[in-house]
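A.B. asks: Each chain, written out:
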Amino acid sequence: MSVVSTPVSRTCPTTGRTIFADAERLIKANAVVSVVALLVGAIAALLLVLTRWQAVHLLPAVWYYRLLGVHGMNMLIFFIIYFEMAVLWFASTVLLNARPAAPRFGWFNFGLMLLGTLIVEWAQWSGNADVLFTSYPPLKAHPLFYLGVIFFAVGALLVTCQFFATLVIAKREKRYEGSVPLVVYGAVTAAIIAVITLVHGAMVYVPTFLWSVGLIGEVDPQFYRLLWWALGHSSQQINVAAMVAIWYMLGGLTVGAVVLNEKVSRSAFVLYIMFISMASAHHLLVDPGFSPAWKIVNTSYFMYMAVLASMVHGFTVPAGMELGLRLRGYTDGLFGWLRHAPWGDPGFSSLVLSVVVFGFVGGITGVTLGTEQINIIAHNTMRIPGHFHSTVVSGTALAFMGATYYLLPLIFRRKVSFWKLAKVQPYIFSGGLLLLVMGMTFAGSFGVPRRHWDTSFSQSPYEVLFNPAVDIFLAVMGIGGIIAVIGALSFIAIAVASVFFGTPITDIPRGAPIVGIPNGLTNPPVHAANVDELNEALHAPSRGIAGATPGTLALVGIFLVSFVVYYFVNWKLLTFLWKIG
Amino acid sequence: MLTKVHTGLEPVPGIWWRPAHKAEKVWVAIAFAWCMVLFAMMPLWHYRGGQNPAGVRRRVDPKAFYARTLQFAAQYKVGDDRGVPIVQAPPGSDVYLVGLTFQWYPILQLQQGKEYTLHLSSLDVNHGFSLFPVNVNFQIVPGYDYALRVTPTTSGDFRIICNEFCGIGHHTMVGRVIVVDENGTPVADNAAAKVKSAGEP
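Protein sequences, first through last, are from chains A and B. Residue numbers are given in this note's numbering: position 193 of the first sequence equals residue 193, and the series is strictly consecutive. Residue numbers are given in this note's numbering: position 96 of the second sequence equals residue 96, and the series is strictly consecutive.
Isolated chain A (complex conformation) (with noise of 0.2 Å):
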């Protein structure tokens, strides 16, 4: 980039960090196109949630099929991916105040992945690929789409490998010193998963490719399904380990949240990289391909690794932000700490909410329905939209929400506008989400199932009648995703006034709150001088076991009996049904 009147780095005034032009351009870039996709995801997701609300059943089974495509798209993949581009960029060069390995490389790797987006979008819309996000074949596409899918999927490919050169460079220009912050490290876990579900998604997709433009006889259905899961959820993953660096680099914005043990928290992204790729195995958990051993050595062996490192960092993200709210003097009680947390402050509220949702419900639902035996009650019914909305919506995209409020004023040096609308976006998209999983996962538990344009059967040989509960779990789940799209098209109004019309911001005073600006940014929770003394007081051997984070422990007992009984009440359901083996 050459463009003489730009510098090529600036010092951050709020933070001190230094920010490469060439890196702040790349983030920019994928952050826009990424909240694009939201927007057209959240349209769908509208048309599709007043469809499937059986009173008011909106489209023609044509147009819900081809959206329901449309939506998984956008949102699965273009949403999430540009976002955990602009992460990775964001995560390598701003958090280690290092230069972006070859920015122009950077730049024609982003070209291919909108090229690959706009040909996928072209697919769907005109109606050449109406094979839904999973595209199992013998369903057939037009070869363009699954071109499409290769060149996106190469291009983010390649912005990963740029991304691990980012790295060598900062070590190797001593960007920073020791090790990397534990955010980068979280953001390191991401793109080593990104690489082995990319990798998968080039396995599954060229031969698929092949196949749609007759080079190649047959593509195996079930072999299909094995390697489609290796990319489709695995890239779930690379959400997952995303979206926990988020809630790092959250906490220590919003309160100051402090990390308990570098080694507990890298030890456990560790296992994400090592066992959570197997854990794809459990949308097989049903199908006639594999053998219960090779089903059980995948999802409990290799997948329980996973949900270890899952339930770590659900004690240390909370216990940091415990633990730093403890130190700043908030030491009032089991959860005074709580009580003098920024509420209003939507990085804040999005990360809570985050955690919250995607622990409660999100991973018990998961962990639950991801059971060999208790999958045969919940396989593509709605039970199983109900759990990932809970985990990739309000767990990952929210995170991501609260992370562009952070974004607006220290990327893109704007005031957030719609500030009123923004503190209370993430209590709305959350609790229109919560409403939208409890009528799907409840209408699921009676047999209604996912991807199906008419739950009311009119043009079938044979009557079904579904339980009179079902009408009103699918009205809780029509109101509750109106509610949701409201709190999404909210953000996507934010983020694009902020970014086109808001206002330009150089400097940001400390002290008084202002509008616009979260209050992480004008009152920084900044630690005594004396913190370290702190510390140690409120780890003194005479605080027990409880020690520094009483608070913690105790909601994380309450996480774990809600999972203790929400596991065994399914095995219990799983007896009523007939004798099957």
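None of these hints come from the bench; they were simulated from the model. Warning: the hint list may mix true and false statements.
Calculated lysine-lysine pairs in the BS3-like style (CA-CA distance at most 25 Å, straight line) [claimed, not checked]:
hint	chain 1	residue 1	chain 2	residue 2
1	B	4	B	22
2	B	77	B	114
3	B	77	A	263
4	B	4	B	25
5	B	4	A	174
6	A	579	A	28
7	B	4	A	171
8	B	25	A	263
9	A	171	A	263
10	A	415	A	28
11	A	140	B	63
12	A	140	A	263
13	A	572	A	28
14	B	77	B	63
15	A	263	B	22
16	A	572	B	114
17	A	579	B	114
Every beta carbon over 10 Å from chain A, so not counted as near; a handful from chain B, in silico [unchecked claim]:
hint	residue
18	67
19	74
20	79
21	93
22	181
23	184
C-beta: ideal position from N, C-alpha, C; glycine also.
Got chain A; can you put chain B on it based on the hints?
C.D. replies: Quick look at chain B alone, frame taken from chain A:
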């Protein structure tokens, strides 16, 4: 002993591999123990539980499976509902069900409390076998025969919903399974084929 206080945004100088505090250790130990319980439940259920997605699984030519199903239907046909044969094979035998866009073939009539080997497969694309209202769900993949030992414990008129997207007519794909009770009481003549009483004794 404690690490210097820092957030996750700061690089960590020196050695960070330090012992964790008791609270963390306790939680990691509890979480690990719980994961072991989760792990133990699956194999345990194979020995002690009545619902497992095990069965016998093998590759099969979709056309051959379809032909086998047609032959099976012709052999044990006892009735007919809207052109689809109702098929009652003796208890203990192998019964066949094939999914094809957008139909389940044939209509199986089973006896409550008797074990059958239920062969599931597809002639064309992926389908989802979802027994309503019992809520038993299996993935049906073309080219693979999923043979499950099934004992209906309730009688009634059941539905099979397709719950894997199989094309534009996916939502019309509904089949029937009839389970007669131990006395062999016929369920219905199926002209109306209501499902209201399904699952009730």
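A.B. asks: The structure should be examined with respect to each hint, and the outcome stated for every one.
C.D. replies: Cross-check of the supplied hints:
| no. | hint | in the structure |
| --- | --- | --- |
| 1 | B:4 <-> B:22 | holds (17 Å) |
| 2 | B:77 <-> B:114 | holds (19 Å) |
| 3 | B:77 <-> A:263 | violated (67 Å) |
| 4 | B:4 <-> B:25 | holds (19 Å) |
| 5 | B:4 <-> A:174 | holds (22 Å) |
| 6 | A:579 <-> A:28 | violated (56 Å) |
| 7 | B:4 <-> A:171 | holds (22 Å) |
| 8 | B:25 <-> A:263 | holds (12 Å) |
| 9 | A:171 <-> A:263 | holds (21 Å) |
| 10 | A:415 <-> A:28 | holds (15 Å) |
| 11 | A:140 <-> B:63 | holds (19 Å) |
| 12 | A:140 <-> A:263 | violated (48 Å) |
| 13 | A:572 <-> A:28 | violated (50 Å) |
| 14 | B:77 <-> B:63 | holds (21 Å) |
| 15 | A:263 <-> B:22 | holds (14 Å) |
| 16 | A:572 <-> B:114 | holds (23 Å) |
| 17 | A:579 <-> B:114 | holds (10 Å) |
| 18 | 67 | holds (19 Å) |
| 19 | 74 | holds (21 Å) |
| 20 | 79 | holds (15 Å) |
| 21 | 93 | holds (16 Å) |
| 22 | 181 | holds (14 Å) |
| 23 | 184 | holds (18 Å) |
Hints 3, 6, 12 and 13 from the list above are not met by this structure, while the remaining hints are.
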